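Going down the list, the protein sequences come from chains A and B. At position 135 of the first sequence the residue is numbered 133 (our numbering), and the sequence of numbers has no breaks. At position 52 of the second sequence the residue is numbered 50 (our numbering), and the sequence of numbers has no breaks.
Since the hints were made in silico from the structure, they are not lab data. It should be emphasised that the depicted structure is a prediction, and the values quoted were computed from it without experimental measurement. A portion of the hints provided could be inaccurate.
If chains are identical, the list can't say which one is meant, so a pair holds when it fits in one copy or spans any two.
[Unchecked claim] In silico DSSO-like links for lysine-lysine, alpha-carbon gap of 27 Å or less:
1) 87 <-> 27
2) 11 <-> 87
3) 43 <-> 27
4) 43 <-> 11
5) 84 <-> 252
6) 244 <-> 224
7) 43 <-> 252
Spelled out, the chains give:
2 protein chains.
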Amino acid sequence: MKILLVYAQPESKSLTHHLAREAEIYLQKQGHTIIHSDLYSMEWKAVMDETDYMDRQFHERLSFIQESSHAYSTNTQTADVEREQKKLKEADALILIFPLWWYGMPAIMKGWIDRVWAYGLAYGYKNAGNSYRYGDGAFLGKRALLAVNIGGPESEYSPRGINGNLEDLMFPITHGTLFYTGMEVLPTFAIYNSVGIDKPDLEIATSRWQLRLENLFKEQPILFRKQNGGDYPDRHVLSDDILLGKSGLSVHIKG
Amino acid sequence: MKILLVYAQPESKSLTHHLAREAEIYLQKQGHTIIHSDLYSMEWKAVMDETDYMDRQFHERLSFIQESSHAYSTNTQTADVEREQKKLKEADALILIFPLWWYGMPAIMKGWIDRVWAYGLAYGYKNAGNSYRYGDGAFLGKRALLAVNIGGPESEYSPRGINGNLEDLMFPITHGTLFYTGMEVLPTFAIYNSVGIDKPDLEIATSRWQLRLENLFKEQPILFRKQNGGDYPDRHVLSDDILLGKSGLSVHIKG
């Protein structure tokens, strides 16, 4: 299988790079092929703007949806975006590795999503509006996994921890960005207390990471409800037959 | 009062710029002073990296926490970051205006947070670790408001809508980024169906926006629980006395 590793940390001695290197070694040992997107080394352009469209369709007013659609369908995207999309299309799994900054991805990785997740591909698939998304789409059949390094302790990210439950904080990425495109998303891998982690704890974390990598294609994904599976019969709102009276992000997960 | 408007859209004809202009006109009429951070016009550097630290404390390995702390405390931050922090310190309210991209901020705005929210100021306040946060901190007494333009319909962001409830999706920003620093955060202002919005709908949205601006300093903020208010007595986990057995992001809001 082919696995695309995307990571966002400039320091090669960081835990993020450690996880990327371990993933490469460990997955290659299992016979897989690794593709890299080391965003800082690539000097990835984070900001989506008008220079992303080499053949503007409309000059009067910049609409990202229109220009992204036009650029994608006419092969006039910039070379850097095309290259990343090609890697994604080839990959059987995508692993995003990053330090948690303000409860989300570093800007450089958010900008990788903003620019690579084009209209006609990641959204507006088949130019059919929102017909194919959340469990269906261009990336159906691929797996996705977040690996996150977190300075704080696990208790603060537990179901009643002050920061919010980690999986709820990641929902805009796991559900709204990855599952959106059809990918199966695995539970988030996290290393807590990551700042100045000592050798014994690093070894434990590395073993946990290897186990997750070993099961990359076997593990049960998060059971997000599919848009077109019958759970959202009207205006994409959860059916009254399911968890009536309940709300919160977890209603979108089965079981 | 002084109000800092931070917005992230390159197109001056966009709804984002419309909201920024309306805010300026309307708030000035009420006697307030407006400070702007038009991130695209400013060509804001989105990516936090080693060039942000003009006088590195440690050269062996880049630690953002250490270097941010050192740069903030020794006044060796870059001029662009210092300028934004000065604006923030002067402001009585912060309004972030942006189009919703992949259920979050555009990368350029995430990068504004990543770089401006320095150690010693937005986190690690008074160099006291995590002592002052979530309802306390350097920005105590300031108000904050998100104004978000959303392509999709409101139903999809309702409490049981497929995308997730809007306020839950914004939690990493409202709670984890703004309330974290001590700010009082108002409920998110959203314009749905924003793509190609017609004139009558734009007028309705503009009136709604003016009403929110009028009440900027009067409106009830989201009642996030304070870290040091007694609700998190042990390891920053919500007390068993509160909503026992419940979880999800909403447990961190009173009432």
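Please write out, lowest number first, the hints stated earlier that are contradicted by the structure. Checked against the structure, the hints that fail are numbers 2, 3, 5, 7, while the rest are satisfied.
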